[in-house]
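Could you slot chains B, C and D with the ligands onto chain A? The hints should help.
Protein chains in written order, with the working numbering: chain A, 1 to 326; chain B, 327 to 652; chain C, 653 to 1012; chain D, 1013 to 1372.
Misleading hints may appear alongside valid ones.
Calculated from the model, a selection of chain B residues having no Cβ within reach of chain D, i.e. all distances over 10 angstroms [unchecked claim]:
(1) Asp368
(2) Phe374
(3) Pro383
(4) Ala385
(5) Ala397
(6) Asp418
(7) Arg478
(8) Asp490
(9) Glu508
(10) Arg526
(11) Ala545
(12) Gly554
(13) Ala570
(14) Gly579
(15) His633
(16) Arg650
Label-pair ranges, simulated between beta-carbon atoms [said to hold, decoys possible]:
(17) Met1005/C with Gly107/A: 16 to 24 angstroms
(18) Ile1031/D with Glu660/C: 50 to 58 angstroms
(19) Thr515/B with Leu931/C: 28 to 36 angstroms
(20) Glu660/C with Ala1097/D: 36 to 44 angstroms
The hints are simulated quantities; they were obtained by calculation from the structure and are not laboratory data. For clarity, every value in this text was computed on a predicted model and none was experimentally measured. Glycine included, every Cβ here is placed at the ideal spot set by N, Cα and C.
Spelled out from the first residue to the last, the chains are:
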Amino acid sequence: MRDATLVEAINAALARAMQEDERVLVLGEDVGKDGGVFRATDGLLARFGPARVFDTPVAEAAIAGMSVGLAAQGFCPVAEIQFMGFAYAAIDQLLNHAARLRTRTRGRLSCPMVLRTPCGAGVHAPEHHSESGEACFTNIPGLRVVVPSSPRRGYGLLLAAIRDSDPVVFLEPTRLYRAVREPVADDGTSLPLDRCITLREGGDVTLVGWGGVVPEMLAAAERLAAEGTQADVIDVATLVPLDAETILASVAGTGRCVICHEAPLTGGFGAEIAARLAGPGLFSLLAPVERVTGWDTIVPLSRLERHYLPGVERILAAARRSLRHG
Amino acid sequence: MRDATLVEAINAALARAMQEDERVLVLGEDVGKDGGVFRATDGLLARFGPARVFDTPVAEAAIAGMSVGLAAQGFCPVAEIQFMGFAYAAIDQLLNHAARLRTRTRGRLSCPMVLRTPCGAGVHAPEHHSESGEACFTNIPGLRVVVPSSPRRGYGLLLAAIRDSDPVVFLEPTRLYRAVREPVADDGTSLPLDRCITLREGGDVTLVGWGGVVPEMLAAAERLAAEGTQADVIDVATLVPLDAETILASVAGTGRCVICHEAPLTGGFGAEIAARLAGPGLFSLLAPVERVTGWDTIVPLSRLERHYLPGVERILAAARRSLRHG
Amino acid sequence: MSTSRVAEFDVVLTRYLDIDGAPLGPLPAFAADAADLVPLYRALIRTRTFDAKAVALQRTGRLGTFASSLGQEAVGVGAASAMAADDVLVPSFRDQAAQLWRGVTPVELLLYWGGDERGSDFAGPRGDFPISVPVASHVPHAAGVALALKLRNEARAVLCIIGDGATSKGDFYEALNIAGAWQLPLVVLVNNNQWAISVRREAQSAAQTLAQKAIAAGVPGEQVDGNDVITVHDTVANAIARARAGEGTSLIEALTYRLSDHTTADDARRYRGDAEVSLHWHGEPVARLRQYLVGQGAWSRDDEEHALADAADEMERATEAYLAMAPQPVSAMFDHLFATLPVSLRSERDEAMGGEAGHA
Amino acid sequence: MSTSRVAEFDVVLTRYLDIDGAPLGPLPAFAADAADLVPLYRALIRTRTFDAKAVALQRTGRLGTFASSLGQEAVGVGAASAMAADDVLVPSFRDQAAQLWRGVTPVELLLYWGGDERGSDFAGPRGDFPISVPVASHVPHAAGVALALKLRNEARAVLCIIGDGATSKGDFYEALNIAGAWQLPLVVLVNNNQWAISVRREAQSAAQTLAQKAIAAGVPGEQVDGNDVITVHDTVANAIARARAGEGTSLIEALTYRLSDHTTADDARRYRGDAEVSLHWHGEPVARLRQYLVGQGAWSRDDEEHALADAADEMERATEAYLAMAPQPVSAMFDHLFATLPVSLRSERDEAMGGEAGHA
Ligand SMILES: Cc1ncc(C[n+]2csc(CCOP(=O)(O)OP(=O)(O)O)c2C)c(N)n1
Ligand SMILES: Cc1ncc(C[n+]2csc(CCOP(=O)(O)OP(=O)(O)O)c2C)c(N)n1
Ligand SMILES: [Mg+2]
Ligand SMILES: [Mg+2]
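Chain A on its own, in the form it takes in the complex (with noise of 0.2 angstroms):
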């Protein structure tokens, strides 16, 4: 496969899953024959067939339960959710059954689902398209919560999450759909779910976060590199089950931390790091714990979207907070 986006590395990883075992079925909203609103889907109709790819009514909670029935009968339906925004009727399903069905029937059943949608702001899309609700998902036992940041790793952080015998959240963040190329190997080659990545290596500073504030975090790190401050950058990929240690062993190291997410900053994700710092990485910690985060309110229209989005300045001005102590 040549350089591809995100979006298109999400539907590689979709054909090559369905490609490569029967049992996966994609669903939901305009997935068809419009190949979904960004076009994920795209041509996996035409390839696959009506009987393993289909169009839902405007049902979310019926296609997460739906999912939850296919997986108990041994498919593994990968469910599209359009936006975000329209995913919280299926937390119901998600939580009361996807990611118990395995425990409460000592493993009689169990429910290899993951379900797909879009996040997060920066296209100036319409009202409640960019949401970041991540945090409705994480403290749910028994799911596990997965945010891609490149193609490379949209494209084998799917197939995991497809491969995995247990339910899987699936979050894409819309700005990265189409923000870079890169080359994808589309090879089958998947990436492990309880791992974060290190995209980079520095030692003085550790930033660490997921999804669509990563490129800024990357940014920031060229910056830092500018000043003679090396960063290392860490994202996250997989939320849960979370590999603390690689955050913990680049704080042993770097002693400060910034942490990035766009989501509120209150009871958001992040907080999940920094309580990780606080407990087994104190001793390391030479300056207090940063988070740079959305704003703890609504994400507001397409006018002021940039003043909620935390982007590199900000990231920035924490890691520089930090590197003034010790």
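Using the frame of chain A, we list chains B, C and D with the ligands on its own:
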């Protein structure tokens, strides 16, 4: 009012609020003649009549959504969801509508509603009746999240929640409903919705938590006192907006903090408190922040329930680990 | 102005036995020989005996909250007996009648209601879903299972049982609508026992019948006398046959009455009078079928005594086995959470099993 | 066996003007004098002009994603014109026709679609809801508003507009069912434009009509020709009159067609042919009413030119005002979050407004 249990105090607060403000309505499943499955609404139908207290069909999304409509029209609906396990169907309405009606209309419409629901384990309840799902709500800007842990606090906080001009999720720990009685003055005095409540001042170690674990924290503090260690005990009470100052001030004195909650560890709201300590509170810390929480598992059915619940022994062990430092 | 009638519908109510067990006409073929109904009758008794035992165990602190099916036994027995072994049951929390018929054992049911997850790991109908406590949220599962069967071109069907209250929940409509649109092999059976805890059926919906909710989904809907096991069996059998034949989804409303409290945690006298309940004892399903069988000479007082004793005996033995069951290990909380426990959870499991933790 | 028919229903379709604007019989009283229909016609034109302007602004990067109502203007105009000022509109994202009639200004609409929350702070119908982007989740709001009106014994009604796709969503059923059970003064109007993005109406549900979804809730349901503004107005007016008179809830399905892409972000040629779309230009609502008015001598080519020019003029001025609008301050993100900003958020607001932060 004589000595009251938590559920009686909730009942008294509801009656008081309805008495003082005719815009207050009570709705939910079985809240009428039956008085609620826990009797929280007992007697309200008889006293205030069917135009102010009504049984709804079994439809949690609509209970929340209709409350939005009622609130936009100037009523103050207090909706009961029978158990937290059934409240997830209401998240969509809370997140996409209730929490943002004021913001999206620039104040033209607002949403003064309360969504009450019992939460937590410890009463050997059936499946899906024991979860602590507060983290599904604490990253939703525009929402307040309150968890009382005693009859008096239940009364004062619920009155405040009902009188508040914005939406409040009010989570009542089932196992505290009838656990203790204490004198509750039914005098209409509310408690602030932006303050933690310090239950005990010690100075050696801070125990902070909410809901069902608060009595465990107090018991642990007694045990510690017997060992010569004096604990600060803080009931967070209002999770959002979070009164970090009170917690930081306590830890500034003790240098040690044990955060307790019943919800699973990873992505739980305890992480937010730990994050505040790792940030602004870092230089107060003498020991790693401890979290004593439910496991990252499904709450088991009743037979194993006690192995899930974080109790005195685990809190003590954490406090002692903390005290071994520095 | 032009007005045209673009669609017409009706709802039909069927019963074979009258309230006193007298046939209202010829019975369906499967019931032609009264002796063939004896297994159904035994199943009604077995369910009632199980319920009584479970309530007694709860009252004496040896079982958790339990939902009796008193008075509604014919709904589950009639429906389950109309299923093939390879059909799939997706039950609610009050469906022990159907579960017992399908081969879930009394010990498994007691384990479940006694707070032990192993009770949902049935040895019998391994493809059946565990009960759904959240009202109506299992109808989408049933539709998903039905879709799976259809995708595999299997001539099998799914039966999902819900209550009258469940017909107010969005999940029910969403799933029924999709099942209709996709012609899934699904039968949704409504146990209309007239109450959803303290809320009367009439307060749940202005719809004159619950069967007519099918019209919204464009699928057949009908009412049956849910206290007549013959009618329930026959109607469900027809609906399942249609489903297996690729003719799609059906909705059946079974009219019955909840003679017990909602659950052992409920006190129904707070919201309904004894007089109403007493009235409904006339026509309850066990007496009704017995009257018919006795009238046909297919059942005697002696048979009755033996059957009751057999059922009591079975439940006594089940209780003993249940009470003797060794507890699950504490690690069970972790053992079934994922196919493979993530590394990050190992230390939690160790701590739960008694080891001291580090800071989280 | 005894079977009895326990309920019967039908669904009726009404239209006054045929596809070419010829009356199919006597018109309702409000339409007796064709001149009285001119304001409705002007509103159709005004909506279409607004839509064209908004699409053009989007194409040139001066507006966000926008959902045109091309071909469906009569649904909103017919319905809104049947409401009293003190009734409450609870609209979807494609309901600018109704909003414009109710007094939301083109500038406000442009502001909203241009990404500025002030667009939902209408100076006009202050009790109306802002549009709902999440499909169907506003039907419960409408039921809640209707309950509020009923509790206050006010003779007012609520109109909620949704799409055909929205009738698949649980929220719609839950709210309609409760509104039926409680006889709330609510009219739910379905803009059945035959498509939900790329999914055909037929794929949404096996129900032959969407009007029959009312039967599940026990409320009246009917179909109307949604391209005939006279029929829409008359039918909605009757339903609102019933609601105001305490006679409860109604569902109306307006048959129309989405002549445009779903939104400016959509390319409908991916999933439907031009031939199908062309077909539906015959019978579209603007031409249809114009033909009738011209036939009645109530409208001339001159009138048409003037009306088009007036509308174009209005939208030109609105565009200018919209583009000239000073931006909101950054603090606006915080200013309306709560009645009073919690102390804990003050430092965030300060930081957002440009101050350097401490560590969070
Ligand atoms: C989604 C959901 N909401 C609320 C409850 C609490 N609850 C348990 S049973 C019940 C009533 C159900 O009534 P119905 O569907 O008629 O079934 P029945 O109990 O009569 O068999 C309610 C409200 C629940 N279990 N699930
Ligand atoms: C709950 C929800 N799910 C999905 C979407 C994405 N979406 C926007 S419009 C639409 C189709 C709606 O179709 P219909 O109800 O017929 O309205 P129309 O667009 O045709 O006016 C979808 C799926 C949404 N806005 N809300
Ligand atoms: Mg019932
Ligand atoms: Mg449509």
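Against the structure, the hints:
1. Asp368: Nearest chain D Cβ is 22 angstroms from Asp368/B, so the label holds.
2. Phe374: Holds, because the least Cβ-Cβ distance between Phe374/B and chain D comes to about 12 angstroms, which exceeds 10 angstroms.
3. Pro383: 6 angstroms, violated
4. Ala385: Given a closest Cβ separation of 4 angstroms, the condition is violated.
5. Ala397: 8 angstroms, violated
6. Asp418: Contrary to the label, Asp418/B does not stay out of reach of chain D, its closest Cβ about 6 angstroms off (not over 10 angstroms).
7. Arg478: 23 angstroms, holds
8. Asp490: 8 angstroms, violated
9. Glu508: 28 angstroms, holds
10. Arg526: 24 angstroms, holds
11. Ala545: Consistent with the label, Ala545/B stays out of reach of chain D, its closest Cβ about 30 angstroms off (over 10 angstroms).
12. Gly554: Non-interface label on Gly554/B holds, nearest chain D Cβ at 35 angstroms vs cutoff 10 angstroms.
13. Ala570: 7 angstroms, violated
14. Gly579: Its Cβ never comes within 10 angstroms of chain D, the nearest being 20 angstroms, so this holds.
15. His633: 36 angstroms, holds
16. Arg650: 28 angstroms, holds
17. Met1005/C with Gly107/A: 16 to 24 angstroms: 19 angstroms, holds
18. Ile1031/D with Glu660/C: 50 to 58 angstroms: At roughly 25 angstroms between Cβ atoms, Glu660/C and Ile1031/D fall outside 50 to 58 angstroms, so the hint is violated.
19. Thr515/B with Leu931/C: 28 to 36 angstroms: For Thr515/B and Leu931/C the Cβ distance comes to about 50 angstroms; the hint is violated.
20. Glu660/C with Ala1097/D: 36 to 44 angstroms: 39 angstroms, holds
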